[in-house]
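Taken in sequence, the protein lines are chains B and A. FYI, the working numbering numbers position 79 of the first sequence as 79, with every residue one higher than the one before it. Counting from 1 along the second sequence, just add 1000 to a position and that's the residue number in the working numbering.
Just so you know, the hints here were simulated from the structure itself, not pulled from any lab data. Don't be surprised by glycine CBs; every beta carbon is placed ideally from N, CA and C. Mixed in with the good hints there might be a few duds.
[Claimed, not checked] Here are the computed distance ranges between Cβ atoms for each label pair:
no., chain 1, residue 1, chain 2, residue 2, range
1, B, Val140, A, Cys1054, 16 to 22 Å
2, B, Tyr119, A, Cys1054, 20 to 26 Å
3, B, Lys193, A, Asn1040, 35 to 41 Å
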Amino acid sequence: MGNVEYKQLDIKSIDLTDTTFVITYGFTLTQLKKSIEKIGILNPPLVKKKSKKQYSIVCGYKRLLVCQDMGIEKLRCAIMGQNIEDKDTFLTGLYDNLSHRVLNPVEKSITFSKLQKYYSSEIIVKNFLPLLGLIPHYSVLDRIKPLSGLDAKVKDAVVDGRIDEGVAAKFLNFSEKDRELLFQLLSALRFSKNKQNEVIDNFYDITKRDGCSISGIINAKELKDILSDSGLNIPQKGSRVRYFLRKLRYPKIVKTEKDFLEMKRNLNLGDSIKLTPPPSFEGDRYCIEFQFENMDDLEENLKKIDSIKQNKEFKRIIEG
Amino acid sequence: MVGYIPRKIIVDTKVRDSLLTNNVLNNLPGIPVEYVADPNTAIDAIRGGKDPLCVGKKVLLLTENRGRFLKPCPGTKEYICCGYRILNFATNCNLECSYCILQSYLNNPAMVVYANIEDMFAELEDELSQNPESIYRIGTGEFTDSLALDHLTGFAKLIVPYFAHKENVILELKTKTDNIGNLIDLQHNGNTMVSWSLNTEEVAKREEFFAPSIDDRIDAAFKCQKVGYRLGFHFDPLIYYPGWEEGYQRTLERLFAKIDTRNVSWISMGGFRFLPELKPIIQKRFPQSKIIYNEFVPGMDGKMRYFKPIRIEMYSRMLEWIRDYDPKLCVYLCMESREVWRKVFKGDRVENSENLAKILDDTGDKK
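Chain B extracted, bound-state conformation (with noise of 0.2 Å):
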């Protein structure tokens, strides 16, 4: 880092719109300043200059945050020399943050990002990624680098968790207004991080297939008549939306899955007696399977399963 200098500064004189070494993102002052109203600022901001009045943050993003809301006007800040180099001067910052907490996705797609300025892929895939807790691999930093680009709202919701950063990677596959829409949906249906990953996979295998786009799917009366439906609760309207893509996505499988409940409820089996197909209809193997309390419960269910060989459905389906 070489020498530093202290100095009072002007706060104006620091450029917070210059975030040239910054890596924060996604946090809340609150604590902050908290702190900063009741101890100080123990830690002066580094700061480096960028012109004859003005510096850049290196260090301290959010205390000088604070102390700007908090109108205070001189502080006193650690001055790096200006004649290191940008690079180092990144990597000061990068450290610093790194000594004291662990960056968030948002925020090592940023560094990424930053990073790529300075270093080659490689470079980065086989020093930093492991630096950052990552995996050396390329697959990793492909699939991080993206996020810095999502929009706002989706790297909040990253950040707070409430989307999967693998799925909020996904969303650049869609156009800015589809991203929107799936935004929305994802947030009103408050879907777990699998849900949140088939959801947004079947929205995008139909888009492929289909060559249509999320508004086109979202619009359709069956999916808006769920949505608006207020006797339903999130998890129902939830379940109801996966199946909705599903049947758009895999209709014949769903189709044979209809059939077959449909064959299963003409049975009339009962509760006691549990018909099963094979996984996906991909083995030959179905099973049954019944439980009895006595002789007569016994015979009873060995009279229905005898008498399903007849229904002409149920053989169509295990025989083709």
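Let chain B serve as the given structure and place chain A on it in line with the hints.
Relative to chain B, chain A alone:
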């Protein structure tokens, strides 16, 4: 078709004097050559680098196969397998088919030729002489295209005459190329069959980027027919898309306009199937491809497969169209369940892997 030319050749010093190494180096003057004692360092560099699948295909690695050359086909017990054996003389392929399973299957992204063929022939001698009663159906096109590198390696000129003198072997050279120049004058004695992977012209154009057109493949088969090779055709992967019926019918029409069914040993069919890891690879490498957006379910072997009724529909229609040309043609399914076999062939023709192997052994043996 323009033959494969690598940007760089890496020679493992252990095979620097091998015949295949010499063939490759003589056929590629001017291509940079690096000699290495340990090819793993070079492989790791490609694997850990940017876009390893694309970069790897530009590097031709000549090395030794330290394991066995002859292995059983990696079929799974859940589906009926034909009992094929693979002669592993090379891995990877330059044809850039979007659906290629090798993209998610191979650990080494380079184009690899195992140049220690002296070891390969010794192993073959040993294996074939130990079991003279068994019929060996051996293929070289499982982890590579059998002929894609033949203009560089001259491998066919070695292997075809070798098997010409073996009584109990059917060698199948499986390809999508028209790289048959080396085959034409060889003495094969009916022990080598050449087979082509075929598809619809639409699929060939959209999904098989550097492979010759369907017509060029059929023309190549026609030339091999003329010099007496037995032929095989593999409709694998069958791709389900709007218009597939017309597409496959057109391919069959073109095929049988030039190929006499009496020269065809077998035709196989297999629906598109893939390891789940392949989907993101296709999405990234071939963003225009739509083949992964159909209705797939997890198969009993862990691969994604078309939903069973789709497969049965495709196989049944294909079988019907093929039978229209010749009802006696040997048609089989690659890695399908007993249930699918029954529903497609409407009978109990094949109940297990042993049945299928026997049928193909007998068919291949009819010279």
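Tested hints:
{"no.": "1", "hint": "Val140(B) to Cys1054(A): 16 to 22 Å", "verdict": "holds, 19 Å"}
{"no.": "2", "hint": "Tyr119(B) to Cys1054(A): 20 to 26 Å", "verdict": "holds, 22 Å"}
{"no.": "3", "hint": "Lys193(B) to Asn1040(A): 35 to 41 Å", "verdict": "holds, 37 Å"}
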